[in-house]
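Participant: Between the sequences and the hints, there should be enough to build the whole structure, so can you do that?
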Amino acid sequence: MKRTVDVSVPLGPIHPCFKEPARVKCETKGEYVLSAEVELGYMKKGIERIMRGRPWQEVMFLAERVCGICSVIHNMVFIEALEQISAISVPERAALLRVIANELDRMQSHILANFSYCYTIEHETLGMYLLDVRERVMDELERITGARVTCAYIVPGGVRFDIRSQDVLHLRANLAAIEGEVTRYMRMFESGPLIGLRSKGVGILTREAALEAYAVGPTARASGMPDIDRRLRHPTYKTLGFTPVSRTEGDNYARIMVRFQEVLESIAIIRRCLDLLPVGPIRGGGIPGIGEIAYSGEAPRGELSYYIKTDAAGRVVDISIQTPSIMNIEACCHYMLKGVPSLADVSSTFVSADPCIACTER
Amino acid sequence: MTGFLYEKDLSAMKYVILTSTRHDRMVREIAAELDIPQIKLRKWMLDHFDMMLLENLPARYAQGKIARESETPVEKDLGAGLYTRAIPLLNWSEMERIKGEVYTLIREGKTENEAVMEGRNMIRDVIQ
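Quick mapping for you: the protein sequence lines, in order, are chains A and B. By the count of the working numbering, the first sequence reaches residue 390 at its end, each step adding exactly one. By the count of the working numbering, the second sequence reaches residue 133 at its end, each step adding exactly one.
These are computed hints drawn from the structure, not numbers from a lab. Some clues are possibly wrong.
Simulated pairs of lysine to aspartate or glutamate, EDC-like, Cα-Cα distance not exceeding 16 Å [unchecked claim]:
| id | chain 1 | residue 1 | chain 2 | residue 2 |
| --- | --- | --- | --- | --- |
| 1 | A | Lys53 | B | Asp14 |
| 2 | A | Lys72 | A | Glu48 |
| 3 | A | Lys53 | B | Asp55 |
| 4 | A | Lys366 | B | Glu123 |
| 5 | B | Lys104 | B | Glu123 |
| 6 | B | Lys70 | B | Glu34 |
| 7 | B | Lys48 | B | Asp14 |
From a predicted model like this one, the values you see are computed outputs, not experimental measurements.
Facilitator: So this is what it looks like as structure tokens:
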């Protein structure tokens, strides 16, 4: 006779589908997941503690080392917070170059997240296509900033390097190619019957649950919350006439589709920046001084907040970083995974929230 | 192996989470509002909340404070949504019972302030 048993199934901390170590503990009734818990602590860096007492010139480099996937936005939010503290203005050309670097970073992060999802649902072919197109984005990021990951491109009062005219041509050509490829892969994802079976109606996060857990970024936007995008409040983005992507299904499929659509939207934003790029300086100067601020920006995974307190010499006296993955992983384990009909969907639902353990553990 | 495996005792890691700048500020605010010793509140949170919920408490608290503004005056003063949905110190049925008793006290002639203070005592009793 077939018997249904209640068991506690641990996934991880080392799992082939997870990019970083995390333990997902599922309480199950047969295949049905009753509840889930995520345990961390396998890669705690203590980076906030390392930052305290150090001058901003050192903390700037530490900030972008919080996360290797979205390092540009950590750099941007930290520097913009310092600029707000000390009323440092940024030349228009530099502000637009910051947006270009940030959107390229968002594109590669979203493409990597979608690769991870495709890999998890065992659609490796589409996953590998996505990794290939991600390399094009990384090449553009390297061409502009000089590095693929920890670029340290944004400095108080501007950016480190200007974009050359031949780089603009190269970027435009590559954006056209990336747009074509991403559109094609998005259609493959949309129309794949097996992808639909593994993704549609799985891991649903309702709007109410997203609000309760304060989910952010594409995870929240896939549950019908477009106004959660912090870029809507950023002075440079405001001038670019940008509309956030949103969907209402709240399932794995919606989260992946939002990321695909956001890649296309990032391409449009970069093109607009290139069209508007004025001739002028890229660094206005300015030295961070004493002050205290809580400042937020829109990372690829959602709202990234820095609380910074500095002294007169520009040393960071206190700092606290709230990364978007904290909110999204919590929303994932307490809402999305609860009631998942099959254990096979746990890893794919977890990955669909684009969890960054490095950010969460910081 | 003589000691515990890491996964069997997460309290040290949970405590690290709960002593960050944002968490510390949140614990101080809640402890002051409910008149509970901070150390007791921290211990309660360590015992009852899992790791991810602990990490996410400051964001939930900020969101809960915004949502609190749209509640009725008694619910707002009691923190009906804040201490059930955002920071789950109590479950919904316990809060409903406390709210019911507060409304009864108001009907019996106590001022809203006095009734809310009684309600907070009841919340404190549930937590402690």
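Participant: Holds or violated: B/Lys48 and B/Asp14, Cα atoms, limit 16 Å.
Facilitator: 14 Å, holds
Participant: Taken at face value, is the distance from the CA of A/Glu48 to the CA of A/Lys72 at most 16 Å?
Facilitator: Holds, at about 12 Å.
Participant: If you draw a straight line from the CA of B/Lys70 to the CA of B/Glu34, is it 16 Å or shorter?
Facilitator: 12 Å, holds
Participant: Is A/Lys366 within 16 Å of B/Glu123, Cα to Cα?
Facilitator: 36 Å, violated
Participant: Holds or violated: are the alpha carbons of A/Lys53 and B/Asp14 at most 16 Å from each other?
Facilitator: 15 Å, holds
Participant: Hinted pair, alpha-carbon criterion (16 Å max): B/Lys104, B/Glu123. Please report holds or violated.
Facilitator: Roughly 10 Å between the alpha carbons, so the hint for B/Lys104 and B/Glu123 holds.
Participant: Measure nothing beyond the straight line between the CA atoms of A/Lys53 and B/Asp55; if it is 16 Å or shorter, mark the hint as holding.
Facilitator: Roughly 11 Å between the alpha carbons, so the hint for A/Lys53 and B/Asp55 holds.
In terms of the numbered hints stated before, the structure departs from hint 4 and from no other.
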